[in-house]
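Number of protein chains: 2
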Amino acid sequence: MEKEITIYDIAKRLNYSPATVSRALNDHPAIRIDTKDLITETARQMGYRSNMFASNLRRQRTNTIGVIVPRLNSNFMSTVLAGMEKVANEASYNLIISQSLESVKKEVASARTMFNSRVDGLLVSVAYDTEKIDHFETFINKGIPLLFFDRVIDHDQCTSIVIDNTKAGYDATAHLIEQGCERIVHVTGSLQRNVYADRLKGYRLALMEHGLSYKEALVMVTDLSQEAGQDAARRIQAMPERPDGLFVTNDFCAVSCMQVLKQAGLVVPTDIAVVGFNNDPVSQVVEPNLTTINYPGEKMGEIAAQSLINHLNGSMNIEVTNRIVLHSGLVVRKSSLKKA
Amino acid sequence: MEKEITIYDIAKRLNYSPATVSRALNDHPAIRIDTKDLITETARQMGYRSNMFASNLRRQRTNTIGVIVPRLNSNFMSTVLAGMEKVANEASYNLIISQSLESVKKEVASARTMFNSRVDGLLVSVAYDTEKIDHFETFINKGIPLLFFDRVIDHDQCTSIVIDNTKAGYDATAHLIEQGCERIVHVTGSLQRNVYADRLKGYRLALMEHGLSYKEALVMVTDLSQEAGQDAARRIQAMPERPDGLFVTNDFCAVSCMQVLKQAGLVVPTDIAVVGFNNDPVSQVVEPNLTTINYPGEKMGEIAAQSLINHLNGSMNIEVTNRIVLHSGLVVRKSSLKKA
Numbered sequence: 001m002e003k004e005i006t007i008y009d010i011a012k013r014l015n016y017s018p019a020t021v022s023r024a025l026n027d028h029p030a031i032r033i034d035t036k037d038l039i040t041e042t043a044r045q046m047g048y049r050s051n052m053f054a055s056n057l058r059r060q061r062t063n064t065i066g067v068i069v070p071r072l073n074s075n076f077m078s079t080v081l082a083g084m085e086k087v088a089n090e091a092s093y094n095l096i097i098s099q100s101l102e103s104v105k106k107e108v109a110s111a112r113t114m115f116n117s118r119v120d121g122l123l124v125s126v127a128y129d130t131e132k133i134d135h136f137e138t139f140i141n142k143g144i145p146l147l148f149f150d151r152v153i154d155h156d157q158c159t160s161i162v163i164d165n166t167k168a169g170y171d172a173t174a175h176l177i178e179q180g181c182e183r184i185v186h187v188t189g190s191l192q193r194n195v196y197a198d199r200l201k202g203y204r205l206a207l208m209e210h211g212l213s214y215k216e217a218l219v220m221v222t223d224l225s226q227e228a229g230q231d232a233a234r235r236i237q238a239m240p241e242r243p244d245g246l247f248v249t250n251d252f253c254a255v256s257c258m259q260v261l262k263q264a265g266l267v268v269p270t271d272i273a274v275v276g277f278n279n280d281p282v283s284q285v286v287e288p289n290l291t292t293i294n295y296p297g298e299k300m301g302e303i304a305a306q307s308l309i310n311h312l313n314g315s316m317n318i319e320v321t322n323r324i325v326l327h328s329g330l331v332v333r334k335s336s337l338k339k340a
Numbered sequence: 001m002e003k004e005i006t007i008y009d010i011a012k013r014l015n016y017s018p019a020t021v022s023r024a025l026n027d028h029p030a031i032r033i034d035t036k037d038l039i040t041e042t043a044r045q046m047g048y049r050s051n052m053f054a055s056n057l058r059r060q061r062t063n064t065i066g067v068i069v070p071r072l073n074s075n076f077m078s079t080v081l082a083g084m085e086k087v088a089n090e091a092s093y094n095l096i097i098s099q100s101l102e103s104v105k106k107e108v109a110s111a112r113t114m115f116n117s118r119v120d121g122l123l124v125s126v127a128y129d130t131e132k133i134d135h136f137e138t139f140i141n142k143g144i145p146l147l148f149f150d151r152v153i154d155h156d157q158c159t160s161i162v163i164d165n166t167k168a169g170y171d172a173t174a175h176l177i178e179q180g181c182e183r184i185v186h187v188t189g190s191l192q193r194n195v196y197a198d199r200l201k202g203y204r205l206a207l208m209e210h211g212l213s214y215k216e217a218l219v220m221v222t223d224l225s226q227e228a229g230q231d232a233a234r235r236i237q238a239m240p241e242r243p244d245g246l247f248v249t250n251d252f253c254a255v256s257c258m259q260v261l262k263q264a265g266l267v268v269p270t271d272i273a274v275v276g277f278n279n280d281p282v283s284q285v286v287e288p289n290l291t292t293i294n295y296p297g298e299k300m301g302e303i304a305a306q307s308l309i310n311h312l313n314g315s316m317n318i319e320v321t322n323r324i325v326l327h328s329g330l331v332v333r334k335s336s337l338k339k340a
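Top line first, the protein sequences correspond to chains A and B. With the UniProt record's numbering applied, the first sequence covers 1 to 340. With the UniProt record's numbering applied, the second sequence covers 1 to 340.
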């Protein structure tokens with residue numbers, strides 16, 4: 001490997017003092033523009049790397065943000081990450097990413113790595129089975145800002161970025177009821193996670209307000225995979241009293257459920273009206289097109305990264321913010337329109 | 001912010017020498033296991049962070065791998081990243097990610113940031129309009145390994161990880177010809193990019209070998225977006241002689257093209273047989289299900305990260321490897337089966 005180029009090498013090559021080179025590279029106003037240009041260009045040609053490492057060591061900043069997500073391989077999460085990267089990049093922060101693969105054990109290990117990598121802040125959406133957040137206490141104790149998004153855990157010193165999941169669950173269910181549904185199956189994920197617990201709350205509220213009784217047998221807690229959707233379809237077919245509505249908290253899972261129901265001869269929405277969640281592009285491909293909740297993933301990524309960076313720059317203190325709620329909304333398409 | 005905990009603090013707390021603490025934390029064989037456990041646990045409780053920064057500065061390693069991709073927000077790229085993260089994480093490397101948003105200008109800026117962040121190696125899939133790779137020369141000159149994947153640029157000192165795009169283009173086209181197609185439209189991306197240029201080569205080869213003439217008017221160079229798919233459908237409808245086959249090098253673009261064609265009353269595959277590319281989940285949702293080329297994204301991510309890490313660990317030298325080609329293959333579904 002080549003020897004690392006220093007400002008001394010550049011100074012020697014150009015016959016300037018090291019102090020002049022250093023000032024030029026730091027855009028000091030006392031240095032003439034043409035001198036700056038010459039020094040910058042020479043530094044580039046020689047392969048000089050600003051000693052970010054050493055200067056980070058001095059000021060205890062790494063200009064990196066850690067991100068821990070359940071899965072990288074999901075349409076929703078990739079839109080969130082795209083939003084985070086855009087904002088981080090513009091503010092000269094690097095993004096270090098890690099996936100828990102839905103396991104708290106791996107989440108603990110990721111948190112430790114992020115801590116040792118000295119990230120300036122951390123953005124987290126928790127795994128399927130995370131119960132406590134002891135593994136993030138080291139960040140909180142050290143004053144390293146921690147922000148939860150989507151799947152959040154309430155903590156006095158952390159901000160959470162969410163949509164109003166209760167309202168979204170309510171809207172989806174109320175819409176099905178307004179279309180004439182009376183037996184609505186709800187397929188969802190782990191009720192330990194705020195997103196699913198809140199959507200179920202919304203489902204129950206809508207039933208109650210419309211005078212329908214809540215039946216536990218109609219709620220299916222799954223991992224929301226495509227297989228779970230297919231399995232839900234089989235369970236629906238086996239029910240003695242056929243449901244006439246279906247609210248699934250994930251579009252891909254809803255689509256695979258619809259596919260099995262359709263193969264079995266059921267007509268959507270006439271026999272069963274369906275609402276999904278996320279507004280994943282697949283919702284506009286399945287036939288009939290899927291009614292769903294629009295979840296602004298890219299916007300959530302942008303707001304999460306921006307809030308963290310603002311905190312780091314001192315222009316907003318996330319310790320006083322408890323919760324940031326983004327807009328979401330029902331997108332009505334043909335899969336739910338019994339009355340059309 | 002709290003004061004940083006050092007090995008001296010841990011030594012003082014436990015009444016051990018700093019040397020013993022340091023050895024215990026580095027898993028030195030001379031230290032008893034129960035002593036190691038006590039020291040490690042105390043370090044954890046006190047919020048000690050191994051001084052990775054300082055030790056990285058000494059050994060000139062950061063244990064980070066940089067990744068530059070055209071877009072984070074794509075199903076294919078999210079599977080690639082999931083594979084990279086899995087391998088990197090297991091080998092204790094962090095992944096720093098950046099997206100060029102298909103612009104060479106942003107790619108140049110990302111490369112510079114990665115260089116200044118002192119990544120140990122770089123994995124790149126180039127932007128739509130990248131022509132030269134001068135912006136990566138600084139890595140090559142410094143002996144920092146650079147690996148291209150998917151959209152690659154040939155370089156003597158770099159390895160490229162690809163599928164056999166020419167063969168894939170050939171297979172897709174030959175399949176359509178075997179189904180009776182004689183006028184096959186090809187919708188693709190920038191021919192500056194190997195992936196699209198090679199697929200076109202395969203398309204031309206298949207036509208030639210089957211005695212069909214190549215017509216430039218049937219090849220549409222687009223950005224492969226959903227809008228491009230809709231636009232291609234309109235151009236197909238406006239053609240004086242109606243095409244009977246369609247090969248689109250991206251599933252989502254193929255699907256949006258199919259949707260417009262279907263709305264216009266064309267029947268797939270009877271009127272026009274369609275083949276996509278990537279085996280994106282959406283290919284199994286659109287009706288009829290889309291014949292496509294299976295592109296092993298997660299596997300590509302794993303191989304790319306593993307090759308780079310092996311090189312860094314000295315167990316494989318990527319400078320002698322020119323090209324790693326992964327298996328891909330045609331997945332036949334209903335959208336192309338005219339003869340069924």
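None of these hints come from the bench; they were simulated from the model. Glycine included, each C-beta is placed from N, C-alpha and C at the ideal position. A portion of the hints provided could be inaccurate.
Derived CB-CB ranges, DEER-like [said to hold, decoys possible]:
1) M220(A) - M239(B): 42 to 52 Å
2) D164(B) - Q226(A): 40 to 50 Å
3) N317(B) - M46(A): 18 to 28 Å
4) E90(A) - Q230(B): 40 to 50 Å
5) N141(A) - K12(B): 16 to 26 Å
6) K142(B) - L14(A): 39 to 49 Å
7) N310(A) - E319(B): 35 to 45 Å
8) K105(B) - N289(A): 34 to 44 Å
9) R323(B) - M239(A): 51 to 61 Å
10) G180(B) - Q45(A): 54 to 64 Å
11) K339(A) - A91(B): 48 to 58 Å
Which residues of chain B face chain A? A partial, calculated answer using Cβ under 8 Å [as the list claims (entries may be wrong)]:
12) A91
13) Y128
14) V152
So, going through the hints one by one against the coordinates:
Between M220(A) and M239(B) the beta carbons are some 49 Å apart, a value that agrees with the proposed interval 42 to 52 Å. For the hinted restraint 40 to 50 Å between D164(B) and Q226(A), the CB-CB distance of approximately 29 Å leaves it violated. At roughly 26 Å, the beta-carbon separation of N317(B) and M46(A) lies within the given 18 to 28 Å, and the hint holds. E90(A) and Q230(B) have their C-beta atoms about 31 Å apart, which leaves the hinted 40 to 50 Å range violated.
Here the CB-CB span from N141(A) to K12(B) is close to 19 Å, well matched to the stated 16 to 26 Å. The hinted range of 39 to 49 Å is not satisfied by K142(B) and L14(A), whose Cβ atoms lie roughly 21 Å apart. Checked against the hint of 35 to 45 Å, the pair N310(A) and E319(B) passes, with Cβ atoms roughly 44 Å apart. In this structure the supplied range 34 to 44 Å holds for K105(B) paired with N289(A), their Cβ-Cβ distance being about 37 Å.
Between R323(B) and M239(A) the Cβ separation comes to about 55 Å, which falls inside the hinted range of 51 to 61 Å. Range check, G180(B) to Q45(A): about 59 Å between beta-carbon atoms, so the 54 to 64 Å window is met. In this structure the hint that K339(A) and A91(B) lie 48 to 58 Å apart at CB holds, the actual value being about 57 Å. With 8 Å as the threshold, the beta carbon of A91(B) stays out of range of chain A, its nearest partner Cβ sitting at about 12 Å, so the hint is violated.
Restraint check, Y128(B) versus chain A: the minimum CB separation of about 16 Å is more than 8 Å; hint violated. Of the supplied interface hints, the one on V152(B) is violated, with its beta-carbon coming no nearer than about 22 Å to a beta-carbon of chain A, more than 8 Å.
In terms of the numbered hints stated before, the structure departs from hints 2, 4, 6, 12, 13 and 14, listed from lowest to highest.
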